[in-house]
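Chains A, B, C and D supply the protein sequences, listed in that same order.
Going by the numbering used here, the first sequence opens with residue 23, and the numbers climb by one from there.
Going by the numbering used here, the second sequence opens with residue 23, and the numbers climb by one from there.
Going by the numbering used here, the third sequence opens with residue 23, and the numbers climb by one from there.
Going by the numbering used here, the fourth sequence opens with residue 23, and the numbers climb by one from there.
Don't take every hint at face value.
Since the list gives no way to pick one copy over another, a pair counts as held whenever it fits inside one copy or between any two copies.
[Claimed, not checked] No farther apart than 20 Å at their CA atoms in a straight line, the calculated lysine to aspartate or glutamate pairs in the EDC-like style are these: (1) K149 - E173; (2) K149 - D169; (3) K149 - D171; (4) K29 - E181; (5) K207 - E49; (6) K149 - D77.
Hints are computed from structural coordinates only; laboratory data are not their basis.
Listed below, chain by chain, are the residues.
Protein chains: 4
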Amino acid sequence: MTQPLPKPLAFADAAAGVIAMAHFAGERHWVPATSGNFSVRVDQRFAALTATGADKARLTAADVIEAEIAGPKHPRASAEAPLHHARYAADASVGAVAHIHTVASTVLSRRHEAQGVLRIAGWELLKAFPGVTTHETAIEVPIVPNDQDTERLAALVEERLKNSAPVHGYLIAGHGLYVWGAGAKDAIRHMDAFDFLLTAELHEEQAR
Amino acid sequence: MTQPLPKPLAFADAAAGVIAMAHFAGERHWVPATSGNFSVRVDQRFAALTATGADKARLTAADVIEAEIAGPKHPRASAEAPLHHARYAADASVGAVAHIHTVASTVLSRRHEAQGVLRIAGWELLKAFPGVTTHETAIEVPIVPNDQDTERLAALVEERLKNSAPVHGYLIAGHGLYVWGAGAKDAIRHMDAFDFLLTAELHEEQAR
Amino acid sequence: MTQPLPKPLAFADAAAGVIAMAHFAGERHWVPATSGNFSVRVDQRFAALTATGADKARLTAADVIEAEIAGPKHPRASAEAPLHHARYAADASVGAVAHIHTVASTVLSRRHEAQGVLRIAGWELLKAFPGVTTHETAIEVPIVPNDQDTERLAALVEERLKNSAPVHGYLIAGHGLYVWGAGAKDAIRHMDAFDFLLTAELHEEQAR
Amino acid sequence: MTQPLPKPLAFADAAAGVIAMAHFAGERHWVPATSGNFSVRVDQRFAALTATGADKARLTAADVIEAEIAGPKHPRASAEAPLHHARYAADASVGAVAHIHTVASTVLSRRHEAQGVLRIAGWELLKAFPGVTTHETAIEVPIVPNDQDTERLAALVEERLKNSAPVHGYLIAGHGLYVWGAGAKDAIRHMDAFDFLLTAELHEEQAR
Numbered sequence: 023m024t025q026p027l028p029k030p031l032a033f034a035d036a037a038a039g040v041i042a043m044a045h046f047a048g049e050r051h052w053v054p055a056t057s058g059n060f061s062v063r064v065d066q067r068f069a070a071l072t073a074t075g076a077d078k079a080r081l082t083a084a085d086v087i088e089a090e091i092a093g094p095k096h097p098r099a100s101a102e103a104p105l106h107h108a109r110y111a112a113d114a115s116v117g118a119v120a121h122i123h124t125v126a127s128t129v130l131s132r133r134h135e136a137q138g139v140l141r142i143a144g145w146e147l148l149k150a151f152p153g154v155t156t157h158e159t160a161i162e163v164p165i166v167p168n169d170q171d172t173e174r175l176a177a178l179v180e181e182r183l184k185n186s187a188p189v190h191g192y193l194i195a196g197h198g199l200y201v202w203g204a205g206a207k208d209a210i211r212h213m214d215a216f217d218f219l220l221t222a223e224l225h226e227e228q229a230r
Numbered sequence: 023m024t025q026p027l028p029k030p031l032a033f034a035d036a037a038a039g040v041i042a043m044a045h046f047a048g049e050r051h052w053v054p055a056t057s058g059n060f061s062v063r064v065d066q067r068f069a070a071l072t073a074t075g076a077d078k079a080r081l082t083a084a085d086v087i088e089a090e091i092a093g094p095k096h097p098r099a100s101a102e103a104p105l106h107h108a109r110y111a112a113d114a115s116v117g118a119v120a121h122i123h124t125v126a127s128t129v130l131s132r133r134h135e136a137q138g139v140l141r142i143a144g145w146e147l148l149k150a151f152p153g154v155t156t157h158e159t160a161i162e163v164p165i166v167p168n169d170q171d172t173e174r175l176a177a178l179v180e181e182r183l184k185n186s187a188p189v190h191g192y193l194i195a196g197h198g199l200y201v202w203g204a205g206a207k208d209a210i211r212h213m214d215a216f217d218f219l220l221t222a223e224l225h226e227e228q229a230r
Numbered sequence: 023m024t025q026p027l028p029k030p031l032a033f034a035d036a037a038a039g040v041i042a043m044a045h046f047a048g049e050r051h052w053v054p055a056t057s058g059n060f061s062v063r064v065d066q067r068f069a070a071l072t073a074t075g076a077d078k079a080r081l082t083a084a085d086v087i088e089a090e091i092a093g094p095k096h097p098r099a100s101a102e103a104p105l106h107h108a109r110y111a112a113d114a115s116v117g118a119v120a121h122i123h124t125v126a127s128t129v130l131s132r133r134h135e136a137q138g139v140l141r142i143a144g145w146e147l148l149k150a151f152p153g154v155t156t157h158e159t160a161i162e163v164p165i166v167p168n169d170q171d172t173e174r175l176a177a178l179v180e181e182r183l184k185n186s187a188p189v190h191g192y193l194i195a196g197h198g199l200y201v202w203g204a205g206a207k208d209a210i211r212h213m214d215a216f217d218f219l220l221t222a223e224l225h226e227e228q229a230r
Numbered sequence: 023m024t025q026p027l028p029k030p031l032a033f034a035d036a037a038a039g040v041i042a043m044a045h046f047a048g049e050r051h052w053v054p055a056t057s058g059n060f061s062v063r064v065d066q067r068f069a070a071l072t073a074t075g076a077d078k079a080r081l082t083a084a085d086v087i088e089a090e091i092a093g094p095k096h097p098r099a100s101a102e103a104p105l106h107h108a109r110y111a112a113d114a115s116v117g118a119v120a121h122i123h124t125v126a127s128t129v130l131s132r133r134h135e136a137q138g139v140l141r142i143a144g145w146e147l148l149k150a151f152p153g154v155t156t157h158e159t160a161i162e163v164p165i166v167p168n169d170q171d172t173e174r175l176a177a178l179v180e181e182r183l184k185n186s187a188p189v190h191g192y193l194i195a196g197h198g199l200y201v202w203g204a205g206a207k208d209a210i211r212h213m214d215a216f217d218f219l220l221t222a223e224l225h226e227e228q229a230r
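The following block holds chain A by itself, in its conformation from the complex (with noise of 0.2 Å):
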């Protein structure tokens, strides 16, 4: 996918999309005990992070941190922050990404573990996604083992997403989803169409 590249930000505009993103999720609880993460792209160097043990329902400008994608660690950031700039790095078209714990994506990325994947097929809000224009696919989340070491975990997640056939998400086994989109809008647009997609295939296993 040729996708355009996002415009740059000032970091007050890429602050205020990740308190969306923040407080979108929040409401939706899935962000339980000051879990999960933020971020949206300034430029190619920089990005506005959520800052390490934030309360994310109630973020505030000043929980937002502005850390240097290929620097070194910033003070604040959080145990993940790898994770959001190794996808800042690997694609260029990423405009922001979100860290989410929702019920469904935890039960479901320890559930298919084994598998190293979560195929999503024949649902209409797979059009939610860029690149998807009909029902008549299927998506294949990508599953990986969790691992406390963030580097050596982002790594193995980019060297599956080089290899996977284009998709705006990935489950952490038994820990929680990442998503992205080209900005903050769609970063928040792509976290509620994998909740509905993966609470409804949480449905429909338990009927098999």
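Take the given structure of chain A and dock chains B, C and D to it, following the hints.
The following block gives chains B, C and D in isolation, referenced to the frame of chain A:
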């Protein structure tokens, strides 16, 4: 059923009905990822309709267009506008149409696709629909296969409805639910009734 | 149980209790599609009662009527008014009655209809009901078959309650839940307790 | 675990923490039917504690009492006060205690009562608890049988906790969950983490 025809409305009043339906559905998370669309009949020729791409949960008057029911496609019409227009053209008593993606409707639409119908029987809440005066009844909600050609899909739907007992909604497999009523208020009541009934059916099936 | 009789109330205070119950239930989505109804006893002769057709989640004082418990049907009374009146007539300690449609109560009412009773045993939250002082107990919630003749249904219900151990609610199969208490605040607490207990039962049954 | 002792608080600040916990739990429907209770340690002798019978979702300062941890029962103390006091007496690092009734905790507490413990293993969100630095771990949440004699129950609980690996909560079978932390904010984070983890466990068990 010979139902009274809805009275012609000023466009602004029809648009207010569209917004009320969209906000109601948005609060319940039935329009994930900017999906869903809503319309209110203005008169026999025109309807107020949600524009393509709008966030239904935050819909404003600027997101509502005036579309000619039998006319050429409005430049801002969503891809699913033909499914709305076809309802107004086929049944003069239809004053409002809502399309939503609830978890229960989407999961059940796919589970029962092969039967082509979802039978809902014996629940008191069936009385929420006009013409139903006792729980000792059943409605048969048509299920049609999903189709990206919405003109063709609309024709199939109307063919099915012409040959069905009176009903106030249909399911598109793996996609979602269409609902209608004499006006926006009725369509809201019918969305609410379908969600309750389909959620109850989903739980009942899990015990089988 | 010899319970103190509820004190007579001014109609406006009784109506305020009706509104509080309706809003509480509305926020929880327990009155889908304008279903449900609520009443508070004014004195031994009258009760404040929701009028037919009102949207309970947005109930206002204009939607509350003063109905004579043993009198002729009030012109704006809902079809289910006899089920409220019968409770007030049969038990002078009843000060408020709520009728709601929760998913768990409706699903379980139908699943256990053949037994005529739903037994709820061993949960701490049973202590929410007056007269229950330990979890080492069980309540037997009567289940009656649904009937559109609500006078006949009310007679059957009261017959069942007369022959049951004390309880603060009953189920109508495929329909919903009736709950009562000494006043509106008590009925709200009992709605909340029943919803929790029945939702827990629903989950427990899914593991069997 | 050698944890820092919580600093003494003014009673008003401790009460504010109690109210924050109660409102957080109330919004999530974890204190149905005026159940649940919350406390914050003032110092080694006193704690701020919810009074009996208060509606926790609408708790105000007037509903918070100052109770002596090792003293005689406060006249407005709830029946479960001994379970709070015992935690403060046994562990000087405990600064806040929350008792809630979530659906998942109540259902699982009863399902696993015979084992006396609920093992939660491998989830990333376990890191919400102090001392947990990797998902490659398990916590064993004690389950004690319910008992209306809360002094006896508190003694049993503390005996179990003394012989358990460090944990930040326990379950009372068919009753609910106790959770604690260094302060109100920590107890809120731990409630949120337990609810997510137990809900995920409930879904995982349904697929077995």
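* Asked: Looking at the structure, which of the earlier hints fail to hold?
  -> Hint check: 4 fails alone, others pass.
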